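Number of protein chains: 2
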Amino acid sequence: MIDKIFNGRELVPAIVQDSDTNEVLMLAYMNRESYSLTLKTGTAWFFSRSRQKLWNKGETSGNFLYINDIATDCDYDTILLRVTPKGPACHTGSRSCFFNKITKA
Amino acid sequence: MIDKIFNGRELVPAIVQDSDTNEVLMLAYMNRESYSLTLKTGTAWFFSRSRQKLWNKGETSGNFLYINDIATDCDYDTILLRVTPKGPACHTGSRSCFFNKITKA
Numbered sequence: 054m055i056d057k058i059f060n061g062r063e064l065v066p067a068i069v070q071d072s073d074t075n076e077v078l079m080l081a082y083m084n085r086e087s088y089s090l091t092l093k094t095g096t097a098w099f100f101s102r103s104r105q106k107l108w109n110k111g112e113t114s115g116n117f118l119y120i121n122d123i124a125t126d127c128d129y130d131t132i133l134l135r136v137t138p139k140g141p142a143c144h145t146g147s148r149s150c151f152f153n154k155i156t157k158a
Numbered sequence: 054m055i056d057k058i059f060n061g062r063e064l065v066p067a068i069v070q071d072s073d074t075n076e077v078l079m080l081a082y083m084n085r086e087s088y089s090l091t092l093k094t095g096t097a098w099f100f101s102r103s104r105q106k107l108w109n110k111g112e113t114s115g116n117f118l119y120i121n122d123i124a125t126d127c128d129y130d131t132i133l134l135r136v137t138p139k140g141p142a143c144h145t146g147s148r149s150c151f152f153n154k155i156t157k158a
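Protein chains in written order, with this note's numbering: chain A, 54 to 158; chain B, 54 to 158.
Read the hints as simulated data drawn from the structure, not as lab findings. Possibly wrong hints are sitting among the right ones.
Repeated chains share a single entry, so a pair holds when one copy, or any two copies, can fit it.
Below, simulated PhoX-like cross-link-like pairs (lysine-lysine); rule was C-alpha separation at most 25 Å, straight line [as the list claims (entries may be wrong)]:
#	residue 1	residue 2
1	LYS93	LYS154
2	LYS57	LYS154
3	LYS139	LYS57
Since the model is a prediction, treat every value here as computed from it, not as a measurement.
Just need the whole structure built from these sequences, with the hints factored in.
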């Protein structure tokens, strides 16, 4: 599977969803190494585009994301992580990063 | 808000979530024009990276995504669309694109 995902792609977006509430918590990017570390350790690892380094989410805040399920989409270029978050997922202290509402129909 | 999202960014990922079930259905990319058309028409528009053109999801299949809410994340570089899907969201006929399960803890 890893070769299908990272075939010619350096980074793929990974959506993080709370397994209990189904709330979408955040989106970050994975490279091959962060994907492997996520499978190996059971917590979410990403690649920070701004800092250009591997990042174990929670390594400084303690707010780790514990993996329950992982899936990719139909064309293997997006990852969905279903997790149990320890504490708020957002660095602002919000449970989810998606708190900037634009419109409501 | 549109200037915060597309400030120096051509495309941003847009996560599509079913408003009723909270299932994550798909991820596609928006440029400024597809974002504007989404707000204007109430159905999801994207920019296809492979075809390099605007794309009103459902325009050929009839499986439109009707927008209920839109939010961005804390740093304005990801969009979350909460929708009512008409029919399957995935071109394979699956309700969600995320059917390739990788692991279960």
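Task: Hints breached by this structure - done: 3
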